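Trainee: Protein sequences, first through last, are from chains A and B. The first sequence runs 11 to 123 under this note's numbering. The second sequence runs 114 to 227 under this note's numbering.
Bear in mind the hints are in silico, worked out from the structure with no lab data behind them. Because the structure is a prediction, the values reported are computed rather than measured. Even for Gly, the Cβ is constructed at its ideal location relative to N, Cα and C. Any given hint could turn out to be false.
To be verified - Quick list of the computed label-pair ranges, beta carbon to beta carbon: (1) A:Met39 - B:Leu152: 28 to 36 Å; (2) A:His82 - B:Ser186: 28 to 36 Å; (3) A:Ala80 - B:Leu197: 38 to 46 Å; (4) B:Arg193 - A:Gln12: 43 to 51 Å.
Unchecked claim - A few chain B residues that don't get close to chain A, going by computed Cβ distances all over 12 Å: (5) Ser122; (6) Met128; (7) His135; (8) Gln150; (9) Glu181; (10) Asp184; (11) Ser186; (12) Leu197; (13) Asn214; (14) Glu215; (15) Gln216; (16) Arg223; (17) Thr225; (18) Leu227.
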Amino acid sequence: DQQVKQNSPSLSVQEGRISILNCDYTNSMFDYFLWYKKYPAEGPTFLISISSIKDKNEDGRFTVFLNKSAKHLSLHIVPSQPGDSAVYFCAASGQAAGNKLTFGGGTRVLVKP
Amino acid sequence: EPEVTQTPSHQVTQMGQEVILHCVPISNHLYFYWYRQILGQKVEFLVSFYNNEISEKSEIFDDQFSVERPDGSNFTLKIRSTKLEDSAMYFCASMGQDLYNEQFFGPGTRLTVL
Numbered sequence: 011d012q013q014v015k016q017n018s019p020s021l022s023v024q025e026g027r028i029s030i031l032n033c034d035y036t037n038s039m040f041d042y043f044l045w046y047k048k049y050p051a052e053g054p055t056f057l058i059s060i061s062s063i064k065d066k067n068e069d070g071r072f073t074v075f076l077n078k079s080a081k082h083l084s085l086h087i088v089p090s091q092p093g094d095s096a097v098y099f100c101a102a103s104g105q106a107a108g109n110k111l112t113f114g115g116g117t118r119v120l121v122k123p
Numbered sequence: 114e115p116e117v118t119q120t121p122s123h124q125v126t127q128m129g130q131e132v133i134l135h136c137v138p139i140s141n142h143l144y145f146y147w148y149r150q151i152l153g154q155k156v157e158f159l160v161s162f163y164n165n166e167i168s169e170k171s172e173i174f175d176d177q178f179s180v181e182r183p184d185g186s187n188f189t190l191k192i193r194s195t196k197l198e199d200s201a202m203y204f205c206a207s208m209g210q211d212l213y214n215e216q217f218f219g220p221g222t223r224l225t226v227l
């Protein structure tokens, strides 16, 4: 079941530069898309979300873009900081309240000082 | 800031034994979930719980699994007879009345079945 895919398992970026993480999905019934960050031995931490009726949402250094026709979303982190080094998961859910999250496989980001 | 807590952080058990994983969701939340992540694999949905009953479960959540909310604060996952392939990180999550289905996750319990 590959309904949510993150094709890049890892990403290395210099401190201060932009990190761009990509996510593709196949299920057109998904209505909400979320990004989570995960450090080792911790649970996923919510970062930012977007509804399918929007194409962009911004929160500080984090911006999520949604291209519904391409079934593609991306997370931009700018500027990247060493503390951003973690695994980032894309997740999607249907519209109904309380719907489960379907996760991508994650992208490991390393921000080099 | 309120958070989801889970105990124990690590549980080691013998194959065939019963285990109970404990979670305390955020106090005013209404929706509760269990997910698991086998090493090197995706985070997978197991079960969701709302209004004192299971609202959805995955095909992983077979008769060996059960969930309970025995009081107003705890949410437990029981595995009746553990198998080697149940070894994974188990994450509890909870959610309030949220427009975007934003779920808050606990730190996880690492289950090792020998």
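Trainee: Hints broken by the structure, by number, lowest first?
Mentor: Structure breaks hints 2, 4, 5, 8, 13, 14, 15 and 16.
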